[in-house]
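Chemist: Take a look at the letters that make up each chain.
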Amino acid sequence: MFPQGQGEASARGTTMEGDCLSCVKYLMFIFNFFIFLGGTFLLGVAIWVLVDPTGFREIVAANPLLFTGVYVILAMGSMLFLLGFLGCCGAIRENKCLLLFFFLLILIIFLAELAAAILAFIFREHLTRDYFTKELKTYYYGSNNTDVFTATWNTIMTTFECCGVNSAEDFDEHSLFRRLNPGRVVPEVCCQRSDLGMNKEDCIGGISIHNKLPSGFHCTSQPCSVLLKHTLVKQGCYSAVVDYFETYIYMAGALAIVVLTIECFGVVMGTSVKYSSRGPALIPRMKSKHRIYYITLFSVVLLGLIATGMFQFWPHSIESSAEWTVDRRSVHDAPLVKLPVASPIPERGDLSCRMHTCFDVYRCGYNPKNRIKVYIYPLQRFVDDVGVPISSTGLSREYNDLLSAISDSDFYTDDVTRACLFVPSIDVLNQNSLRIRETAQALATLPRWDKGMNHLLFNMLPGGPPDYNTALDVPRDRALLAGGGFSTWTYRQGYDVSIPVYSPLSDEVDLPERQPGPRRYFILSSQTAIHREYRVELERLKEENGEALLLLDKCSNLSQDMASARKRCYKGQMYDYPQILQESSFCVVLRGARLGQATLSDVLQAGCVPVIMADSYILPFSEVLDWKRASVVIPEEKLPEMYMILKSIPPRQVEEMQRQARWFWEAYFRSMRAIGLTTLQIINDRIYPYAACTYEHWNNPPVVKWSSVNSPLFLPLIPPRSPGFTAVVLTYDRVESLFRVITEIAKVPSLAKLLVVWNNQNKSPPEESLWPKIAVPLKVVRTKENKLSNRFFPFDEIETEAVLAIDDDIIMLTSDELQFGYEVWREFPDRLVGYPGRLHLWDHEMGKWKYESEWTNEVSMVLTGAAFYHKYFNYLYTYKMPGDIKNWVDAHMNCEDIAMNFLVANITGKAPIKVTPRKKFKCPECTAIDGLSLDQTHMVERSECINKFASVFGTMPLKVVEHRADPVLYKDDFPEKLKSFPNIGSL
Amino acid sequence: MQARKKYVLLGLCTCCWLLLFYWGGLQERLLGFLARHRNEVPRPWPDWLDRALLPAYVEPGKLEGSGGAGESPQQRRQAWASIYKDSRCRMETCFDFGRCRGRDGFRVYMYPPEKGERVSESYRKILASVAESRYYTADPREACLFVLGIDTLDRDQLSAQFVSNVDERIRGYPLWNDGRNHVIFNLYSGTWPNYTEDLGFNVGQAILAKASPNTEHFRPGFDVSIPLFSKDHPQKGGERGWLLRNSVPPRRKYLLMFKGKRYLTGIGSDTRNALHHIHNGKDIVSLTTCRHGKDWEKHKDTRCDHDNQEYERFDYRELLQNSTFCLVPRGRRLGSFRFLESLQAACIPVLLSNGWELPFSDVIQWNQAVIEGDERLLLQVPSTVRAVGIDRVLALRQRTQMLWDAYFSSVDKIVLTTLEIIKDRVYAHISRNKLMWNALPGGLLVLPEYSTHLAHYPFYYLNLGVSTGQEFTAVIHATSPLVSQSQPIMKLLQVVSKSKYCSQIIIVWNSEKPPPQRSKWPPMPVPLIVTDGRRKVSTSSRFLPHAAIETEAVLSLDEDTVLLTSEVNFAFLVWRGFPERIVGYPPRSHFWDPVKKLWGYTSKWTNEYSVVLTGAAFYHRYYHHLFSHYLAPSLRALVDRTSNCEDILMNFLVSSVTHLPPIKVAQRKQYKELPGPQSTNMAPWANPEHFNQRQECVDTFASWFGYMPLVHSQLRLDPVLFKDHVSVLRKKYKDLERA
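Here the protein sequences come in this chain order: G and V. Letter 42 of the first sequence, counting from 1, is numbered 42 in my numbering, and no numbers are missing. Letter 89 of the second sequence, counting from 1, is numbered 89 in my numbering, and no numbers are missing.
Isolated chain G (complex conformation):
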């Protein structure tokens, strides 16, 4: 680029320029000197860190991020060192050669930057969140991993208190992390804020709840997030890091611009330096006007550079501040829209609408995430042609909360073309505040209205005097209606969503959760606006049953102000509402003029069982919530029998309902956010029914979710005998013993196939001709690594349901014993059925679990050195083992059987079955070294395994039993030859 050899023709410079140039020269010297110093310092530090084995390295080596950082520092240090040196020496000595190198270096840096910039520009898609998200999903293992990538991420997440790239939900079911750690939804490092609210165990526990959901694992809907709210770090690392560095970036950017500018000046002037002093120069000699021309050009370019650079680094904040001002707007700044009198009115809602007739499903499309996209119209203020607003309240606080909750959720999209569902920003929560006709017109003006197709309206108080319709009276074409207080005649099943009437008290009053149990009053009626006939009826009940009933009404002596909503009276005695609700087991929720009552929400909040008497009322979210578990629904005409009916409910059921009621409130009633997102989830479930949340997900409170078990093999089946079982023999190099095992197993009638897992990479398995000749197919699988987990890999070669895992030294089991083991497995196909049994015990002194292999009366594990189990557990072990248990097992070369016992017990909630009497499980040939089981350190290690696994599972899933399985006639006084399995228990 810099043409050489031009200098020959150089001329002398003028002295006038000399002063200025020497100034530049010294400026350049000083700058480069500083750069040189900085470079030296960095280099020194980096080398020190790398070389010094004791002090720094320990700290640094523990932190891989720092460790990689050292190399970066080293590289940067040497670069700056060189640059500084060259520039500094070159300038002061005015050495052409040095300067040339200096310029070349700068040029290279520039070019590299340029290249990087261009690459960055071209691949900017990849460097964005998506790229990082993909990387994270593909390569991130989990907490406590030694892999550099994973460790780096862990450090980032810990340092910046963030989780995932975008949010904790990056760890979705497709991510490597989730596949490796089926027990978790997020890595441990995401549960950091342990001092806020719950502790860490609860966080992990809360997460484990996810994995306990059987088939619909992937409901990441709102109730789950409610669950994890206090403990899970929500912020994504991308924004966290960007936030963190934002200020620094601006500063560094500005600094870089200044330095570079000076360097550039240096380049320009530097040419002059050489030109003036030594004669040979890099720029062709030219006339002074040309030089001025060049200098002007350079200046302009530099100015441009500075300007654009500033723009580059400034606009971020300029823009965000612009957004800030835009964002922090007042509702009254929303654009005003005038509705002409003659603007079209939608048709009245069509009662025959269903999802397949009135809903455009093509808008939602096939979507790998199975999540609908919801668009919210920007706020507009509608007025009629004389300027009167269409609603007396405008946007209400509740509706605003609802919309912001939606816009914060996963459902939200700002791309109107990709949206599947549209939510108007016209607030129709309360019909009383609306002008029906004008509201309808306003709806019709929405740009995507299209006969209300795919539009969702939220309404809580429908109808108006005198007849109080149970659905919103605003004509709304085909729009879906999420309404409070539907009756069965207005509710379009499978189309509309019945939502609760939000009670402002949910937010105002904090009622702590109360333990379920009997309360002071049996029945409480706290509503003020119930019909006189009902009140008479209730009074009569009160007379009959006395103290068990509490019948409250409005306080007459209070003025009609705010306080009256929070007070109730009975015969002059005043009670606090809603606190009084907590004092009663059952609370009456009668229909008023409307079917939906906000009282229901208060009652649930108080953990009082609602007694709902509102004929034809569609209970909130009844499509997914099982109200029978949380409430008592009594026909209105049975009001007189209420007491009898409620008395007949078993007390334990009442407690259960109290707990359930409170859970419903917490998950689905407590805020507009909960109401809104539940509604969207219900619609989402309809559109993607195959990904819908399960009954358990919707209805089980966290406590139950945590402790309940839904076995993946729940159907009671006794599989047929004929397919037999596949024996999987894990072996390393004990060929002789292996062959004996093979010959022994081959005698078992039900053996279908024999699979030898050859775990020795250094040695090839013996030739085919050397293997024992057996009647069933024998396959040898060679593994890539000597891992214990290989034994549990779901090999395609295993075609039977039943797998017999057996060690290559278990030769003492008779054919009868193995056959009987298989028969027992057939009766318990969802359990581990094994021969040697083991036990776990709680060591009170040490305060931890202990492994026990003594001759005890109890069993909680069976060793997989000889055990039958379902092939599905292989799949679970390999792909769904929670936490880093698999790595632990492979690293310790031990405990794979304990891990399997934990896994099976955790997912089925059942104990293993030990078969046949105790035998000495020690091969006669094995040397003392092989007899690991007796080794003391071995026992300690296995105890550690139990403790480790218990902490990963967050609970101790193992079940202790005192029985084992024997043949029916075992040891009975009966001719041996008539027994099916005579040869059992013999040595």
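Among the hints, a few may not be true.
As the list claims (entries may be wrong) - The calculated lysine to aspartate or glutamate pairs, modelled on EDC-like cross-linking and capped at a C-alpha distance of 20 Å, are: (1) G:Lys880 x V:Asp391; (2) V:Lys253 x G:Glu799; (3) V:Lys253 x V:Glu341; (4) G:Lys137 x G:Glu188; (5) G:Lys638 x G:Asp507; (6) G:Lys638 x V:Glu92.
Said to hold, decoys possible - Footprint (simulated), chain V over chain G, 3 or more residues, beta carbon under 8 Å: (7) 75-85; (8) 389-398.
Quick caveat, the hints were computed from the structure, so don't treat them as lab data. Heads up, the beta-carbon is just placed ideally off N, CA and C, and yes, glycines get one too.
Given the structure of chain G, go ahead and fit chain V onto it with the hints provided.
Modeler: Same frame as chain G, but now just chain V:
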């Protein structure tokens, strides 16, 4: 020279541009600004400055009292009854709850079929099921629900089974009352070409139990959707599902299959005509034929011949067996036989039938057993089913079997489910919740009158994450009078009361003599209750749902049982691991006698057993209730008449609920069936007649259940160190080994 300058200039300009480009992103930003101004890009909902000032959606005071209390409830109810009729019927307006308040509650009356009445095979089965159900009554006055004697199953006018003049005939019924409290069964409605929901007569306010109803016409909470079943559908018992084992990976040879007719014209043809598009010849097999009806060749199109050829190549049954998912598209009507077929075959149904109200949709959570597709999105079906993970396939498949077995495998179950759904509506406060309906063993075997609390049943411990109770109640069946203190019952009382898990003992006194004084019984650490079972004079009184039983576990004992405390303790601990089964000591077995072609019963020592005698057995107290209320009165009558077989019946019952064998536990020595010391009063089992009766019982019970529910087991549960070569001191249950 000039040229070089130009190049330099040009080079510099390029550099500048590149640098600008690098520094800038300028254009992008400018464009962004321009675009924003042009298009007003929407942002997430703004955080309003004046959020706190926004009004509440309703004033707090008005929320409670808004709109007053409305009209009088009584007037409203009357008004409703006149407004919401016919197509807008609901239980509140079209059903007379007053009729169901009788002493016995829910009773079903069936109009006797008229002479010469032609009744189709299917309807005959329905009527038989109603007649045999425990709700049947012959007295219309005490009935809550009425079933027509007229065959209304096939309302297709072109059908041979169409019954005309139904309208006039039902009006002739004195109790018709515009159909109130009547239930009308129907499988086919409407006729070619539209196949509407029209039944051809005025249903009035009767509940429709109808196959393939449309959500639009379906009266929610009032009508019942039933599955379409063929006339060969078994009356009772029914074939079990085809799923014998949970193979892993669960995918079968084909991913998705369909084999059926293609309608060339008319309703339903859109969907069926499009089905061939997803056929790929490899893992998705979608075969259609045009060959049906008389004049198919008239409408035949270009695909027909090719399709017909391909169609012949595959066998439907084989496809059912070898396919993971089965398409169930709409036919002329919304539902089809295919639905039940694939449910039974454990081929997960993929529904393409928009607007079909699925069978028993009130109570069954179908999204856990089938894939609900959308006719409009047929082409997405392959990718949808491909995306279903293996865990879910496994779960869905097992659920198809569970539902098939619980509700669909026989006409009996379909009819009974219909009745139970209606009953649950009538007695809403004592009804099953969704979990009871959808978890094993299914709603029909869960009687809500027993309890509405899930943990009171033996089935839901794992679902709820709770464990069984720590105590049991011993129920001793006493038949011989108390004469001496050395009688076996005294010894038994001592033994049982010594168990630390025993919370109370109930003696069911069934002897002719009155129960002895309280002082005659030995003092005991646990409460002793003596109930007089004589008035009932029945053997099965042992299984009466004694209200006194407070624990979940019941230890049922005969008075002459010889047991040890440690045996009782051990058996109880075993029971806690298997709360839904019978855990007992003496085993018996059933077998199929191929010569006599009937089921036999043996008390010989065998290598397998399928019955555990309830003379000494633990089981859940819920089975008492089920025994008394679920089984047909005729069976209990048989047991009472013969004073025999009650234990076999109990085993039948429990096995039919669990589909699993009972559990035998170790016992010190064999159950000695010695006659009591009073040889005059010979024990009934010494009588050979007694044994023959039992043989007969097994056969009778099997025919009532419609199949043989008993299952064999080959194992016995012993204490872990049972008869092991270890020091006796180590053994917890050493008593069991003393011969």
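Chemist: With reference to the structure, classify each hint as holding or not holding.
Modeler: Hint by hint, here is what the structure shows:
For the proposed pair Lys880 (chain G) and Asp391 (chain V), the alpha carbon gap of about 11 Å is at most 20 Å, so the pair holds. About 14 Å separates the Cα atoms of Lys253 (chain V) and Glu799 (chain G), which keeps this hinted pair within 20 Å; it holds. Simply put, Lys253 (chain V) and Glu341 (chain V) have alpha-carbon atoms about 18 Å apart, close enough for the 20 Å limit, and the pair holds. Pair hint Lys137 (chain G) plus Glu188 (chain G) holds up; C-alpha atoms about 16 Å apart against a cutoff of 20 Å.
The straight-line distance between the Cα atoms of Lys638 (chain G) and Asp507 (chain G) is roughly 34 Å, outside the 20 Å bound, and the hint therefore fails. Proposed proximity of Lys638 (chain G) and Glu92 (chain V) is supported: the alpha carbons are some 12 Å apart, at most 20 Å. For the stretch 75-85 of chain G, the assignment as covered by chain V is violated, since 0 residues bring a beta-carbon within under 8 Å of that chain's beta-carbons and 3 are needed. Remark: the stretch 389-398 of chain G is confirmed as covered by chain V, as 6 of its residues place a Cβ nearer than 8 Å to a Cβ of that chain, reaching the required three.
Against the hints set out earlier in the document, violations occur for numbers 5 and 7.
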